[in-house]
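Line order of the protein sequences matches chains A and B.
Note that our numbering numbers the first sequence so that position 87 is 118, with each residue one more than the last.
Note that our numbering numbers the second sequence so that position 97 is 128, with each residue one more than the last.
Hints may be right or wrong, so weigh each one.
[Said to hold, decoys possible] Below 16 Å or equal to it, Euclidean Cα-Cα: the simulated EDC-like pairs (lysine to aspartate or glutamate) are:
(1) A:Lys231 x B:Glu120
(2) B:Lys231 x A:Asp238
(3) B:Lys247 x B:Glu120
(4) A:Lys231 x B:Asp238
(5) B:Lys231 x A:Glu234
(6) A:Lys154 x A:Glu61
(7) A:Lys231 x B:Glu234
(8) B:Lys231 x A:Glu65
(9) A:Lys203 x A:Glu293
What the hints contain is simulated information worked out from the structure, not anything from laboratory work.
Number of protein chains: 2
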Amino acid sequence: MFWPFRDLHYLCTQKNNEKDMALDKVGKYEFLAEPFHCDFSQRLFMGHLGNHMLNAADFHSTDRGFGMGWLLSVNRAWVLSRLAIEMDEMPRMYTRFNVETWVESAMRFFTNRSFRVVDVDGKVYGYGRSIWAMIDTETRQPCNLMDIRDGDLMNWVEKDKKNPMETLSRVKMDDKAEIVRTIDTYYNDVDINGHINSVKYIEHVLDLWPIDWYRKHHVRRFDIAYVAECHQGDRLTFYREQTADNEYCIRICKDGEQQQIEVVRSKVVFE
Amino acid sequence: MFWPFRDLHYLCTQKNNEKDMALDKVGKYEFLAEPFHCDFSQRLFMGHLGNHMLNAADFHSTDRGFGMGWLLSVNRAWVLSRLAIEMDEMPRMYTRFNVETWVESAMRFFTNRSFRVVDVDGKVYGYGRSIWAMIDTETRQPCNLMDIRDGDLMNWVEKDKKNPMETLSRVKMDDKAEIVRTIDTYYNDVDINGHINSVKYIEHVLDLWPIDWYRKHHVRRFDIAYVAECHQGDRLTFYREQTADNEYCIRICKDGEQQQIEVVRSKVVFE
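The following block holds chain A by itself, in its conformation from the complex (with noise of 0.2 Å):
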């Protein structure tokens, strides 16, 4: 599940003009709702969206020197905590869409990513925001980002892009949870970290509603936060708990050795 940046330069080439210019604080990364990626009702499906996401932030961070490639070279990775995707509308099949991807904040142990989904004219379909650590790749230890390149992160931080969305606050939940499934997990799952992909997450949980669900509702608002890694043939459980009028807080957990063992917390809100 974890997600690290790549460092890879022909990534700058992507589908933006950034290599030739001076570059901006903020990223933006042309996309295509492919006809695959997109649900019964012709609309991008959450998980392409949150790939899609990313994606921009692997090429924003790349391009602007603390992608993956160099900092696995000082054995540091970043690892994604949270996401939080609230969508006034879904990109339509076959629509081109940007998303622009900025650093919010900086601390030393975290730091905050934005995101603003928009078409080609600027309508505005939504916004993403997102909490990333970086770890030791030999110890897993967490590590200050203020360490890296001396604090360049803060020079990229952009303090005048705004993000209407509340921020990103701990999804609770009591024991009144309950069980409404168990699934298994397969070769597909699996990222090239070996971990269970983030994006698959956001599928199994959405999956939890029948299709007939959703041709009444679409998801206003998508919470996630990582909590512990994943591997292939890890069963996992999920517990759903009604918290408002179209609100559902959900957790899943793997089987350990003695207990069971919380790795995914999420929050989906319909409409």
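Got chain A sorted already, so can you dock chain B onto it with the hints?
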């Protein structure tokens, strides 16, 4: 599962220059092996490669005037009947590669479409071949391709470009195949037409082997035949039979009212 070509003109601007030049019989479309689309070995997943091939088919046919948009106006739709992919090597994470596609042959009720996957320097990763039919969207009956635009499809048949893959043949299975898995289908399995997504079947088939298997084997050839449609909620049963060294046939059935109905048949050859 049915995959219609779509006739939306901005697709012409996809990742190719075809818009501004006379159209060749062979279309060529560039894709990126996105990190979240790669497996633990940092190679593109077979399902995502299949997706790119279907995208290429869509762009190619749309650019040449037999895309779905126009077809729909005359109550016709493309239906993917078979797909086979044979790879020497899978593109590595972050690699840019091209999917070339062309119409290999066309008969009254079926057309063969070929694919070649190459890197930017021309190195060949592998090939694909597919069979498509056309249906009347009202009666769901097959239609004669030669009735479409006075058989213009024949003018796009490319005879000189070779595809060295063995031709597609029926996957033969006997009754010895054993049930190896039963899965439910969910919201994220469903495509824009309300059927189980063609690409998801590829993933579900390859998920029958654990990740440790893939540490020692890679897929040399993958064949899939789409026999009947499924919808969200259908329960799929997977039957598997080993037919040679490193060769397995898979039958997927859904529960019918009286008995199970075969929906997909597939063959996987590992190396």
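Worksheet item: Is the hinted pair Lys231 of chain B and Asp238 of chain A satisfied, with a Cα-Cα distance of at most 16 Å?
Response: Holds, at about 14 Å.
Discussion item. Tell me if the straight-line CA distance from Lys154 of chain A to Glu61 of chain A falls inside 16 Å.
Written reply: Holds. Lys154 of chain A to Glu61 of chain A sits at ~14 Å (cutoff 16 Å).
Item to complete: Quickly compare the C-alpha distance for Lys203 of chain A and Glu293 of chain A to 16 Å and report which way the hint goes.
Response: holds, 13 Å
Worksheet entry | Agreement of Lys231 of chain B and Glu65 of chain A with the hint, judged by alpha carbon distance not exceeding 16 Å | Within the cut-off at roughly 15 Å; holds.
Worksheet item: CA of Lys247 of chain B to CA of Glu120 of chain B, is that 16 Å or under?
Response: holds, 14 Å
Discussion item. Please verify whether Lys231 of chain B and Glu234 of chain A have alpha carbons no more than 16 Å apart.
Written reply: holds, 13 Å
Discussion item. Just to be careful, I want the Cα atoms of Lys231 of chain A and Glu234 of chain B compared with a cutoff of 16 Å; is the pair within it?
Written reply: Cα-Cα ~13 Å, so holds.
Discussion item. Lys231 of chain A and Glu120 of chain B were given as a pair; does the straight-line alpha-carbon distance stay at or below 16 Å?
Written reply: Roughly 25 Å between the alpha carbons, so the hint for Lys231 of chain A and Glu120 of chain B is violated.
Worksheet item: Given the hint that Lys231 of chain A pairs with Asp238 of chain B, does the C-alpha gap stay at or below 16 Å?
Response: holds, 14 Å
The structure is inconsistent with hint 1 alone, although it conforms to all the rest.
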